[in-house]
Every structure is written in C-alpha cells, then in structure tokens.
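Asks: Which chain is which? The protein sequence lines are A and B, in order. Under the numbering used here, the first residue of the first sequence carries the number 1, and numbering increases by one thereafter. Under the numbering used here, the first residue of the second sequence carries the number 1, and numbering increases by one thereafter.
Hints listed in this document are in silico derivations from the structure and should not be mistaken for laboratory results. This structure is a prediction, so every number in the text was calculated from the model and none was measured. Beta carbons: idealized from backbone N, C-alpha and C, even for Gly. Just to be clear, a hint being listed does not mean it is correct.
[Stated by the list, open to error] Here are the computed distance ranges between Cβ atoms for each label pair:
1. Gly147(A) / Arg30(B): 21 to 31 Å
2. Ile162(A) / Gln41(B): 15 to 25 Å
3. Gln41(B) / Trp122(A): 52 to 62 Å
4. Arg43(B) / Ile162(A): 39 to 49 Å
5. Val175(A) / Asp37(B): 29 to 39 Å
6. Ala38(B) / Pro198(A): 55 to 65 Å
7. Ala16(B) / Asp238(A): 34 to 44 Å
8. Thr127(A) / Ala42(B): 15 to 25 Å
9. Ala85(A) / Arg43(B): 26 to 36 Å
[Said to hold, decoys possible] These stretches of chain A come out as covered by chain B in the derived footprint (C-beta under 8 Å, 3 or more residues):
10. 45–52
11. 69–83
12. 158–171
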Amino acid sequence: MAVTAEKRVVVARAGPDRSVAFIWLGLVLIVIGQFMALLYAPEEVTMGNAQRIFYVHVPAAWIGFLAFAVVFGASLGYLFTRRRAFDLAAHASTEVGVVFTTLAILSGSVWGRYAWGTWWTWDPRLTTTFMLWLIYVVSLMVRAYGGTGSQAARFAAVLGVIGFLDIPLIHLSVVWWRSLHPLPVVIRPEGFGSGLHPAMLQALLVNVAAFTVFYVALFSVRRRQMAAADALAELKHDESRRPAARWTAGAQEVS
Amino acid sequence: MTPLLAMFIGFAIVWAGLFLYVLRLHRIGRALEAEVDALRQARRP
Chain A
1 MAVTAEKRVV VARAGPDRSV AFIWLGLVLI VIGQFMALLY APEEVTMGNA
51 QRIFYVHVPA AWIGFLAFAV VFGASLGYLF TRRRAFDLAA HASTEVGVVF
101 TTLAILSGSV WGRYAWGTWW TWDPRLTTTF MLWLIYVVSL MVRAYGGTGS
151 QAARFAAVLG VIGFLDIPLI HLSVVWWRSL HPLPVVIRPE GFGSGLHPAM
201 LQALLVNVAA FTVFYVALFS VRRRQMAAAD ALAELKHDES RRPAARWTAG
251 AQEVS
Chain B
1 MTPLLAMFIG FAIVWAGLFL YVLRLHRIGR ALEAEVDALR QARRP
C-alpha cells in the first residue's frame, strides 16, 4: 500500500514500532521454553505429565501480575497528569493482562480437575485471582461503554489502582489461609526457587522470560493501535468540520 | 482424565488463547489501515 499523508500522520502519532524485534525474540524463547517444559524438565512424581501445565500456567499468571503492575503505574500517572499517553498504556496493558489472567485461570482449572477432581473451587487463591480478573474486566467495560470522555478514563484509572492492591493478597492467600492451591515454590523465604528441582526452575524461568517478551510485544502493538485509532478519529473529526469551518468563515465575512 | 490429556488440554488452552488474541490484533490493524484508506479516498479531490 502506498504511504499516504493520512497514513504518515497516523503512524507518526502512534509512535515508533519496536514490536517486531520483541515478537521474534519472544518466538525464539517460546520454542526453547516449550522444549524445556516438555522434554528437559523431569516428570513430577505424584502428578506425572499433568504437572507440566505449570510451565504455561505460572508464566501466564505472572504476566497477569506484570500487566496489572503496568496498569497501576500508568493509572497513577494518568490521575496525576491527565496525559492521554498514560491512559493508552493503562488501557492496552489492561487488555493484555485480562487475556493472560483468563488463560492462567483456565489452564489452572484443567490442572485442578486432574489434581483435585474439580474444575473450580472457592479456594482463597482462586477466589482472589477471580476478583482480580473481574476488576480488570469491569475496567475494560467502563472504557467500552463509558464513552470516550475523560470520565471513563478516570474511573478505569481508579479501578486500575484498586485492582493492583489485590495482587499481594493473591500471593499471600495460600500462606494466610488454608488453601488447596500449592504454596509458592519460587518466591519463598527459604530462597529463590528452593521449592523446585533445578531443571524445573530453569524451564520455568525460560518460559517466564518468553511470556514476558511476548507481553512487551503485544502491549506495544496494542498501545500503538490505540494511539493510531486516536489519530484517525482526530483526522476524521477535522474532515467533518471542514465545510462548517468554511461556512463560519463565510458568515463572518458577510457580517 | 489421564495426566497426558490434562497436559495437552492445558497447553492447548494457553496457546489457542494467545493465537486468537494475536489474530484479533491483526484484524484490528487491518481495520485501521482500511479506515485510513477510506479517509484518503474521501479526501481525494
């Protein structure tokens, strides 16, 4: 497609595209990570191959937390400065975070069906994670149905800040309350990754790195798309005002 | 449910979900390009 003036304006407003490098790096890491998850990491004694869900379930949950940490920072930035760039970052990260949290909940549900014999239980870890998911889905709904004004962005930013407070609660829920969910095996007082076989920890860390790079790529693409949609809406708005502007100018001349 | 089947379903959910989201982003990108094209056509004298 030929690069037109309109496209140049939209692309310039969307900002530089750095997502391609992240997509390729993410894909390479994903291939290595999946190889390690399926073939390199040893089989767990009690759950067998079902335990390998861990290598996609934990990174997906981690990305949910990371995405909502970005939402938290961007939401605070928006509430203090009212800059649209912060709102776009918060919106894009909320969307990607909801996708990864949904996948973490669904993959955990399959694992739970095998390990506990049930798809879902109102366990503290599961319930607090569901609350987190619900808060960010509501935030997306506020943006979708609350109009394009700053009020919807403000409400969504407040939800973005409140929702993040749930993350420490999720992490500590298995320690504070009696839970079916396993205790933390990576971040624990006995030492980083001390609850895992070294090969399992390596496979997990490679997959976490792969998912993190992939998150950066998806976030970058979505944020650029939102900025481009903004620029396009402005161009359309200018276009629709053209005849009116001419008419106003003419009216002024007559008067 | 066998351990292997559970593993397969878990992996399939995550990768299918990510694939569908990437597909959605691709479609949004295509729709944006189409809108820019439509605007260019409308502006053409």
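Asks: All hints are to be evaluated individually against the structure, with a verdict given for each.
Replies: Right, here's what the structure says about each hint:
1. Restraint check, glycine 147(A) to arginine 30(B): a C-beta distance of roughly 26 Å satisfies the suggested window 21 to 31 Å.
2. The beta-carbon spacing between isoleucine 162(A) and glutamine 41(B), approximately 45 Å, falls outside the hinted interval of 15 to 25 Å.
3. Restraint check, glutamine 41(B) to tryptophan 122(A): a C-beta distance of roughly 55 Å satisfies the suggested window 52 to 62 Å.
4. About 44 Å separates the C-beta atoms of arginine 43(B) and isoleucine 162(A), a value consistent with the hinted range of 39 to 49 Å.
5. Checked against the given bound of 29 to 39 Å, the beta carbons of valine 175(A) and aspartate 37(B), roughly 55 Å apart, lie outside it.
6. At roughly 57 Å, the beta carbons of alanine 38(B) and proline 198(A) sit within the given window of 55 to 65 Å.
7. About 41 Å separates the C-beta atoms of alanine 16(B) and aspartate 238(A), a value consistent with the hinted range of 34 to 44 Å.
8. One distance hint, 15 to 25 Å for the beta-carbon pair threonine 127(A) and alanine 42(B), is violated here, with the actual separation near 52 Å.
9. Look at alanine 85(A) against arginine 43(B): about 27 Å separates their beta carbons, and that is inside 26 to 36 Å.
10. Here's how the region 45–52 of chain A fares: 6 of its residues keep a CB closer than 8 Å to some CB of chain B, so the rule of at least three is met and the hint holds.
11. Coverage of the region 69–83 of chain A by chain B is violated in this model, with 0 residues showing a Cβ closer than 8 Å to a Cβ of that chain against a need of three.
12. Counting residues of the region 158–171 of chain A whose C-beta sits closer than 8 Å to any C-beta of chain B gives 0, which falls short of three, so the coverage hint is violated.
Checked against the numbered hints given earlier, this structure breaks hints 2, 5, 8, 11, 12; the rest are met.
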